[in-house]
Each structure stands twice: as C-alpha cells, then as structure tokens.
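Participant: Going down the list, the protein sequences come from chains A and B. Heads up: the first sequence begins at 1 in the working numbering, then just goes up one per residue. Heads up: the second sequence begins at 1001 in the working numbering, then just goes up one per residue.
Because the hints were derived from the structure by calculation, they are not lab data. All C-beta atoms, glycine included, are put in the ideal place defined by N, C-alpha and C. Mixed in with the good hints, there may be bad ones.
To be verified - The list that follows gives simulated cross-link-like pairs (lysine-lysine, DSS-like), each with its CA atoms no further than 25 Å apart: (1) B:Lys1056 to B:Lys1038; (2) A:Lys57 to B:Lys1054; (3) B:Lys1068 to A:Lys100; (4) B:Lys1054 to B:Lys1005; (5) B:Lys1056 to A:Lys100; (6) B:Lys1071 to A:Lys100; (7) B:Lys1068 to B:Lys1056; (8) A:Lys57 to A:Lys100; (9) B:Lys1054 to A:Lys100; (10) B:Lys1054 to B:Lys1068; (11) B:Lys1071 to B:Lys1056; (12) B:Lys1038 to A:Lys100; (13) B:Lys1005 to A:Lys57; (14) B:Lys1038 to B:Lys1071; (15) B:Lys1071 to B:Lys1054; (16) B:Lys1038 to B:Lys1005; (17) B:Lys1005 to B:Lys1071; (18) B:Lys1005 to B:Lys1068; (19) B:Lys1056 to B:Lys1005.
To be verified - Which chain B residues face chain A? A few, computed with CB under 7 Å, are given here: (20) Tyr1039; (21) Pro1040; (22) Glu1042; (23) Phe1046; (24) Gly1083; (25) Gln1098; (26) Lys1099; (27) Phe1102; (28) Gln1104; (29) Pro1112.
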Amino acid sequence: KAGVTQTPRYLIKTRGQQVTLSCSPISGHRSVSWYQQTPGQGLQFLFEYFSETQRNKGNFPGRFSGRQFSNSRSEMNVSTLELGDSALYLCASSLDGTGKNIQYFGAGTRLSVL
Amino acid sequence: DQQVKQNSPSLSVQEGRISILNCDYTNSMFDYFLWYKKYPAEGPTFLISISSIKDKNEDGRFTVFLNKSAKHLSLHIVPSQPGDSAVYFCAAPTRGAQKLVFGQGTRLTINP
C-alpha cells in the first residue's frame, strides 16, 4: 500500500508570492491534516479535512488555507508569502479522523521563502 | 502554552544499552499518546501508542510507560541500535479531534 505522497518535495518562492502544496493520502484514508515544522516552533497543527470539510483549524492566519477533494486528496495554499513561512510542511492521513486514529505522515514539502 | 513537553533536546546512548526518552504533559484531558520517530528529510514515522486506560504498552524493543498522576510518559528502547538514531516526538490528540499536539522532540544518538 502506498504511503502519503506530498508534492513537490522542495520549493523556493519569494516574498509576496503564493504557493500550493499537494497531498495524496493513503488509499482508504478520509482524514487529512497539515502541520508546519520550524526550528523555533516545532510541529504545529494547521488544519484537518474530512469528507471535503475543514473540521479543525490551528492558530494560523487566514493566508493559510486548504481544501480536500472527493478522492480525499488535499491541497494547502499560502498566499502573500512571508519570510517566516519558510518551513517543512507535513501532511498526515488517517482512517476516519477520530482522535485515536494513527496519523501517517508524508515526507513533507520544504518551502523556502526568499 | 506548551501542553506537551520534552525537556531533553538530545540524548546519547551506547549501542546495546537502554534509551529512555521522557515526555510531560499538562492537559489532563489527553487520553491517548503517540511516539513518532523522524529521520532528516523524512516525515515522522509512527512508533507506538498508549491509551490512558493502560500504564504500559510494548512492541518489540519499544515500550511506552504512562504515569497519569505525574502526567508523564516515557519511551524505552532496549537494546538500542545505530538505526534508532533519530529525533523522537511524543504527541497527543486533542479530545475527539485529529489535532496532534507535539513535544519539541529529543534527538537520540546511538554510539557504536
């Protein structure tokens, strides 16, 4: 069974641009969550989608948004990029999104904002 | 507000010995805990979990202990192997949700 796939693996953008990251969950998984990892803040929850609906949201500005498609694939968008958005963005999928489901992570997208 | 804390940023252990990684939490509503391992340039990999109705869970070389009264959990790796060198995160989901709250991680180095 294929794992969680994130594309692209690396991205370089400049301030003010926008970016879209993609995540394909494990087949059969309906919940997709996004996390940001930075050296200073560690791993922080961005949002979670289940059945094309955002169910949970972390403490990030509105520039961070996402969506989920009917096949459970998810995209995350960051508009008006800032230097502080440079981070590793991780996507995780789980079976049905109840709290005790194990979340399986992709390899991440490393975003550098110049 | 750091609800899950790993106070040791790094730990160095001799190959073959026991590695003990510690984690403390402040939110008494947490009822499920997970440990993940992360290699550079890879996403976190699930290792082992424990429900709050248990105080111990074992899986091969990995054992997690939970002390609810102290709000403390620990991961024991016996025997430690060079491939165990990685960053280890403990995490807990908020009640009924998929939002995982992570500790800051502990970098484990196994020395030959």
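Participant: Of the hints given before, which are not true for this structure?
Facilitator: 2, 20, 21, 24, 29
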